[in-house]
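Q: Residues per chain are reported as follows:
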Amino acid sequence: MAKVVAELKYSAEHEWVAVDGSGPTNIGISAVAAEALGDIVYVDLPEVGSTVTAGETCGEVESTKSVSDLYAPVTGEVVEINDEVVSDPALINNDPYGAGWLFKVAVTEEGPLMSAEEYAAANGGEL
Amino acid sequence: MTENYTALYEQHKIAGASFTDFGGWQMPLKYNSELAEHHAVRNAAGLFDLSHMGEVWVTGPDAAAFLDYALAGKLSAVAVGKAKYSLICQEDGGIIDDLITYRLPAAADGTAKYLVVPNAGNAAVVAAALAERAANFDVTVEDVSAETSLIAVQGPNAEAILLTLVPAEQHSLVTELKYYAAVEVGIIVNGTVQELLLARTGYTGEDGFEIYIPNEDAAGLWDALLEVGSGHGLIPAGLACRDSLRLEAGMPLYGNELSREGNPYAAGLGPVVSLTKESDFIGRAVLAELKALGAGSTSGRKLVGLKGLGRRAGRSHYPVLKDGTVVGEVTSGQPSPTLGYPIALAYVDVEHAEPGTALNIDLRGKPEPFEVVELPFYKRQK
Numbered sequence: 001m002a003k004v005v006a007e008l009k010y011s012a013e014h015e016w017v018a019v020d021g022s023g024p025t026n027i028g029i030s031a032v033a034a035e036a037l038g039d040i041v042y043v044d045l046p047e048v049g050s051t052v053t054a055g056e057t058c059g060e061v062e063s064t065k066s067v068s069d070l071y072a073p074v075t076g077e078v079v080e081i082n083d084e085v086v087s088d089p090a091l092i093n094n095d096p097y098g099a100g101w102l103f104k105v106a107v108t109e110e111g112p113l114m115s116a117e118e119y120a121a122a123n124g125g126e127l
Numbered sequence: 001m002t003e004n005y006t007a008l009y010e011q012h013k014i015a016g017a018s019f020t021d022f023g024g025w026q027m028p029l030k031y032n033s034e035l036a037e038h039h040a041v042r043n044a045a046g047l048f049d050l051s052h053m054g055e056v057w058v059t060g061p062d063a064a065a066f067l068d069y070a071l072a073g074k075l076s077a078v079a080v081g082k083a084k085y086s087l088i089c090q091e092d093g094g095i096i097d098d099l100i101t102y103r104l105p106a107a108a109d110g111t112a113k114y115l116v117v118p119n120a121g122n123a124a125v126v127a128a129a130l131a132e133r134a135a136n137f138d139v140t141v142e143d144v145s146a147e148t149s150l151i152a153v154q155g156p157n158a159e160a161i162l163l164t165l166v167p168a169e170q171h172s173l174v175t176e177l178k179y180y181a182a183v184e185v186g187i188i189v190n191g192t193v194q195e196l197l198l199a200r201t202g203y204t205g206e207d208g209f210e211i212y213i214p215n216e217d218a219a220g221l222w223d224a225l226l227e228v229g230s231g232h233g234l235i236p237a238g239l240a241c242r243d244s245l246r247l248e249a250g251m252p253l254y255g256n257e258l259s260r261e262g263n264p265y266a267a268g269l270g271p272v273v274s275l276t277k278e279s280d281f282i283g284r285a286v287l288a289e290l291k292a293l294g295a296g297s298t299s300g301r302k303l304v305g306l307k308g309l310g311r312r313a314g315r316s317h318y319p320v321l322k323d324g325t326v327v328g329e330v331t332s333g334q335p336s337p338t339l340g341y342p343i344a345l346a347y348v349d350v351e352h353a354e355p356g357t358a359l360n361i362d363l364r365g366k367p368e369p370f371e372v373v374e375l376p377f378y379k380r381q382k
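Protein sequence lines correspond, in order, to chains A and B.
All the letters of the first sequence, read from the start, carry residue numbers 1 to 127 under this note's numbering.
All the letters of the second sequence, read from the start, carry residue numbers 1 to 382 under this note's numbering.
One or more of the hints may lead you astray.
Calculated pairs, DSSO-like style, for lysine-lysine (alpha carbon to alpha carbon, straight line, at most 27 Å) [said to hold, decoys possible]: (1) B:Lys366 with B:Lys307; (2) A:Lys3 with B:Lys13; (3) B:Lys366 with A:Lys104; (4) B:Lys74 with B:Lys84; (5) B:Lys82 with B:Lys13; (6) B:Lys113 with B:Lys74.
No wet-lab data here; the hints were simulated from the structure.
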């Protein structure tokens, strides 16, 4: 079963957020979502310097079988994107909570987020 | 729709498959990574459960004449031991299904024997259409889909893997079996040699075999193939990679490229329709008219291959544009794992169907550049 990491928070659209209050936060997609998408072959990320808005689309994730919108789980300015995941999107499948992180946001406001327990219960992940 | 389970469902669960509904069947979509499964078939071998496909026996003194009447091809001309790709059409030329038909050795009394293999979702419809069309022929139509499993070993190592389960004195039957041919051969299943129908056919663009086997023995054969195949790089392969493999090979999928609304000429399957056979067949009048009108060559739309110049893939039903105007629609598309660029099949107006033509696919509002290319996208080195 797909892993859910206890220290992260999750959006209903399957993005995870590393909220520890110590500055810009990494954002990625959960292992549950990565597994459901299949092998990811393309990611379209927001640009550095742009502002993303919680609950709104900010990019796309494309697998061999399908394409899904990427939703911003928080509001804020994008301060960095993961260039490695752009050139090697398989990192999202292989290490969704680590090397497969997508972008970093200076958060001004959080969207509605779930705890790992709530997300796992709702989406069948394993803590 | 009824949920059907193949005789190999437990095998798939044990192997960790994720499942999808396909034609009313719960089928393995992938076991781990569909890309790894795709590459295994191209470079080593993949094991497929195709038990959702239909199997319909057509036997009797009139079997050949009956199939000439019921199908678009000339099945009476097929030699014993050979297979032929064909279509079953409606009176209006629409395609009910695409089929592979095998001609097998005649019975002792000389009665001809054919096996017709329709797609999963169409099996019952095809069996019913054949039974209806058989009214004036001395022929028996028997749908054995429910009792029959179908296992495919596909990829460059398929022959070596299969031979390990065939008694040495029968090896030549396998090694000499030609593409699109079939033979009864002894295969060791559960410790005993069973005579099974083995066909050198597939839907992947690679060398490979398809084995028809009664349901009760299917799990034994599946397990045996996985065991002897592991040293040859064989892994179980699901429908996700089956779709990407067939797309690279430029093969149509019923429901995407083929339908009752389309016709064989637009789909590039004109050569499959025999207008030269003497007998009448269902759809003949309309198909002859469509051909005379230049359907798929000088009029209407035509199925073409599109190669993406960027990284984004077109998907089924996305519009195809020429200078901002819709000139077609994608029927299948995804990033090609083997070639490394997006590929798609699409119906486009014949005036924009020439290889080299620059077109766009409307990717959710963004026009992405594509180019018309010759099919297939991928052809294996022989």
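Q: Tell me, which hint numbers fail for this structure?
A: 5
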